[in-house]
Amino acid sequence: METIRKGHFTLKRIFEENRERFVSSHRSDITFSAAYNVWKVMNCREPNGLGYTTFACPDHPDQITHIPRSCKSRFCPVCANLFISRSALQMIQVLTALYYRKIMVHWSGAKPR
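Residues in the sequence shown are numbered from 1 upward in steps of one, following our numbering.
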């Protein structure tokens, strides 16, 4: 029987707690791209995972800043939220100049009505 701990659930935490058990029972069903995306999400913004970029000021060499790299995966809640926010901001900038606004969103292969 599994116990549910109180606290904040994150996608990274769910993967960390259940990944080994899932992989052991479904190894043949997991594609490379799925495994790679899970790895990227688990290592997003982790300096030891995807690495980091170091910035140093030439005038103040003792002040060094490390910025962890992000995964930029659409499955990552943090990176996907940033992408959606940027897309919405670009759409607002384009649409505010128009008098008539109508947005049609359709997926490839689907025919609009």
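Incorrect hints may appear among the rest.
Stated by the list, open to error - Calculated pairs, DSS-like style, for lysine-lysine (alpha carbon to alpha carbon, straight line, at most 25 Å):
#1 K72 / K40
#2 K102 / K12
#3 K102 / K72
Said to hold, decoys possible - Just the calculated beta-carbon pair ranges, DEER-fashion:
#4 Y99 / P61: 52 to 62 Å
#5 R69 / H26: 21 to 31 Å
#6 P47 / Q90: 52 to 62 Å
#7 K72 / F22: 40 to 50 Å
#8 F9 / I103: 42 to 52 Å
#9 L82 / H60: 48 to 58 Å
No wet-lab data here; the hints were simulated from the structure.
Positions of the beta carbon are idealized from the N, C-alpha and C atoms, including for glycine.
Query raised in the report: Do the beta carbons of K72 and F22 sit within 40 to 50 Å of each other?
Result: Check failed, 24 Å falls outside 40 to 50 Å.
Query raised in the report: Is the distance from the Cβ of F9 to the Cβ of I103 consistent with 42 to 52 Å?
Result: violated (33 Å)
Report task. Could you see if the CB distance from Y99 to P61 stays within 52 to 62 Å? Result -> Given a distance of about 55 Å, which is inside 52 to 62 Å, the answer is holds.
Query raised in the report: Taking only the CA atoms, is the gap from K72 to K40 under or equal to 25 Å?
Result: Between K72 and K40 the Cα gap is close to 8 Å, so the pair holds against 25 Å.
Requested in this report: With 48 to 58 Å as the target window, see if L82 and H60 comply at their CB atoms.
Outcome: Roughly 29 Å apart at Cβ, these two residues miss the hinted range, so it is violated.
Query raised in the report: Are K102 and K12 close enough, with their CA atoms no more than 25 Å apart?
Result: violated (37 Å)
Query - Pairwise beta carbon distance, R69 to H26, judged against the given window 21 to 31 Å - result: The hint (21 to 31 Å, Cβ to Cβ) holds, given that R69 and H26 are roughly 29 Å apart.
Query raised in the report: When you check the alpha-carbon spacing of K102 and K72, does it fall within 25 Å?
Result: Outside the cut-off at roughly 29 Å; violated.
Query - Assessment of proposed distance window 52 to 62 Å (beta carbons of P47, Q90) - result: violated (30 Å)
In this structure, the hints that do not hold are numbers 2, 3, 6, 7, 8 and 9, in rising order.
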